[in-house]
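Asker: This is what each chain is made of:
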Amino acid sequence: MNIDIQQILRDRSRNWSSPEPDIGGIKRRGTMLRRRRRAGISVVTLALVGASVWGLAVLQPDDSPVVNQRIDPSQRAVTGWETLSPKLSEISQADRAGTFAVLAAAEAGLIDPGGRTWDYLRVEGGEGEWTAVHEIINCITPGSTGEICPRSGEQVTATFVREDDRFVVREVSGAATAEESSRLVGTSLPMPGGPPRYEDVAVVSAPVADGAAFAGWLLWTGPIPADRDLHVLCNLEALDADGKVVRRFRPVEMPRPHGSDNPNNPTTGEASRDGNVPWGWGIDGEPVVHGDPNEYTAEHRCSTFWWTDGSRLGDLTSGGYRATDAQIGYTAPVFGAENPVALQIHHRFGWATEEFPGARECKWILLDESNKVLASEPVAYYSLSSKPRDNMVSFDVDRLPAAVELSCGPRRDDPTLAHDASIHSFRPGEGAVLVTWEVAWPHDPLGTSVCTLRFTTNSGESFEKRRVEQGGGSRTTSDHAFDVPDGIDPTDVTDAQVSCVPWTPGD
Amino acid sequence: MPQDFDLFCRQHYPVVYRAALMLSSKKEIAEDATQEAFSRAFARWGRLSRQQWAAGWVMTTALNLCRRHLKNSRRVDPEGSHDPGEVSGPTPQRADLFSALRELPSRQQQVVILHYFGDLSVHTVAELMNLTDGTVKSYLFRARTTMKQSLSIDDGEPASTTMERNNEH
Chain A
1 MNIDIQQILR DRSRNWSSPE PDIGGIKRRG TMLRRRRRAG ISVVTLALVG ASVWGLAVLQ
61 PDDSPVVNQR IDPSQRAVTG WETLSPKLSE ISQADRAGTF AVLAAAEAGL IDPGGRTWDY
121 LRVEGGEGEW TAVHEIINCI TPGSTGEICP RSGEQVTATF VREDDRFVVR EVSGAATAEE
181 SSRLVGTSLP MPGGPPRYED VAVVSAPVAD GAAFAGWLLW TGPIPADRDL HVLCNLEALD
241 ADGKVVRRFR PVEMPRPHGS DNPNNPTTGE ASRDGNVPWG WGIDGEPVVH GDPNEYTAEH
301 RCSTFWWTDG SRLGDLTSGG YRATDAQIGY TAPVFGAENP VALQIHHRFG WATEEFPGAR
361 ECKWILLDES NKVLASEPVA YYSLSSKPRD NMVSFDVDRL PAAVELSCGP RRDDPTLAHD
421 ASIHSFRPGE GAVLVTWEVA WPHDPLGTSV CTLRFTTNSG ESFEKRRVEQ GGGSRTTSDH
481 AFDVPDGIDP TDVTDAQVSC VPWTPGD
Chain B
1 MPQDFDLFCR QHYPVVYRAA LMLSSKKEIA EDATQEAFSR AFARWGRLSR QQWAAGWVMT
61 TALNLCRRHL KNSRRVDPEG SHDPGEVSGP TPQRADLFSA LRELPSRQQQ VVILHYFGDL
121 SVHTVAELMN LTDGTVKSYL FRARTTMKQS LSIDDGEPAS TTMERNNEH
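Protein chains in written order, with my numbering: chain A, 1 to 507; chain B, 1 to 169.
The set of hints was computed from the structure by calculation and includes no laboratory data. Keep in mind that a hint or two might mislead.
What the hints assert, rightly or not - Short derived list, chain B residues pointing at chain A, Cβ under 10 Å:
1) Phe-5
2) Arg-10
3) Val-15
4) Trp-57
5) Asp-119
Unchecked claim - Derived DSS-like pairs: lysine-lysine, alpha-carbon spacing no greater than 25 Å straight-line:
6) A:Lys-27 to B:Lys-148
7) A:Lys-372 to B:Lys-26
8) A:Lys-363 to A:Lys-387
For each residue, glycine too, the CB sits at the ideal point set by N, CA and C.
Same shape as in the complex, but just chain B:
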């Protein structure tokens, strides 16, 4: 059943924007990427509206745009770095988490955001990123391990995770 674009846009815009902000930490980059991703979705809405993974497509597009923007801006300013302070009201734990997320290799970042934040199944993430399910799982595992290590420094206790989900297939 085709979805109504306006409804789709209002429903998913905040999530896609937050995902883009999570990756870029720059409001203007996140805003531009989100706007452009939805524009591209509108250009293809005839086909996309029938897809259950339309929101995932938009989020993937937005993340790709963010990454491209960050890559280009790094070329211009090699000293430039993300400014976590631009995200309102960081707390130490959150700073650690997003810092850990941003330090992941780009594909792991994308997989984590799409799966855990975008709520997409492993299979859908694999389809969107043109990977196999096994590779997505592998990226998730590595990302979890890295992030777990980054987050376990608070109290020195060994970390365990409850990130395993039931809908990975």
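Chain A with its partners taken away, still in its complex shape:
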């Protein structure tokens, strides 16, 4: 069967009648969006849209006492609080045997994300003896392009037995080479145990043109699908010879362990082939670190996050800020962790009134049944957005709190000082001027300024752009793009100046 998917897509959708575009409505909405963009400060658009919509009142000094608002989980119909255990399903013997099969292959050096790999398919048998079936896949060396790890159709089997609390490989057959057989037979490992988690199976670094690329392989040890709301966040990190992280790749979020047809033990190779793990860096042909590839190693770093059932805490208000939709969950490191070690409160954070509360020192506090502090986490908030935004605080705890408190200071901490900014260079871009500038905030605590950039063209025209600067620290350099007004060519801009003033609600 010859399938031209492009043609099918077009043919099959040709008869879908499209409504007539409401160009008037599109333009009205577009004009409103444009006004918002221009009325605000271009870079922190959302924040300032919020501010302009709400119409900020002039800020009065706030000398009210510290407001502590408490949520007592015991007063709520919250389930799943009895223990910090994630309470995932029991792992079956077959799953543990499958986990062993993958780990034993890795131990014998038969899993190579950049080369010939034994890809686990399934485990058969039981009652003390199992046979693992693998398929040979040939993973492409990082640096080349094409399909990730195409299947060969050749299968190998490894028979292993249980001896006390260990599994031992007894026999290998099928398409295995003699060397592979000799490496795997006799491999003995403790029976996999503990809660479901990701096991770090293999990470390879491969030399590519003027650097190194990396590919990684993880193994989910639990049942598929997991029966709880579970998220996994992973980074692949490149480390230099001193163990310092020199490059961290975008975190990969796996909302559940690989929605795979394989009932157990899919590896990230499988997930990658399924497109569930966007780890394309291994085949992009781009070095992720430059220089001598032998100087670098790589590691996975993953955390698993389990939500409990019924974990909503409600809202908390203090010092002009409000946390809404607070939810509690547990985070566990995934490699070998026996117990969860961190508790997270996810919430949305915004203003409690229509006034910008300014920078505040706030504190999240966890209390036990006798009102003793289990843990606390200071947070400096200086949200410019009146619209609540996603936020998270994390605590190291060994048990659940009986109550959660949010407490913010009564006064604004941000001094009425401005950032010190200067333009390092500028150049024309696509419909914009690209500016490199330096900014410093030699004060403590954090502050907020509005910086105005004034651009002048070779014909003497000028236009202004504004940008909010937040935070502190010594002089830093950063790049920004500023749209030019219609009718102005970015190449005509000959001068750029910047000046900053302290943020006030009227801004």
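Since chain A is already given, all that's left is putting chain B on it; use the hints.
Answerer: Just chain B now, with coordinates in the frame of chain A:
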């Protein structure tokens, strides 16, 4: 050369709408997403009108809006699912195709629609999605493989594809 927005809108609206419908299978979602994507384009028309990939930008925006909408609606109704029947007159083969398309991971869906339906080059898709060309090719390959497998069940014959294109660069 800047394009005229009205002309641009009339020319590309049906294609963007169909792409959104392809992804969402809900007429109202597709319509809202298309309308909003063109509104956002109008807000930026000063810059966008000079770009050859303006239509791709609008399509990408519409697909992102669709996906966000679907994600939010799934949160509200975990049992809710797409209703392919809402797309007029489905045939078994088409249902298979769109079902296969919707089962792809979101980025693969987007790459397939932009490249094969939106007629954008690999490089343009890569730029619009902030990916490398190699990653886009990889997504296309995986998507083709998955869709090919989904479509080969009709007659049991091994499938081959003619999806390779000459303008991938």
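Asker: Identify every previously stated hint that the structure contradicts and give their numbers, smallest first.
Answerer: Checked against the structure, the hints that fail are numbers 4, 6 and 7, while the rest are satisfied.
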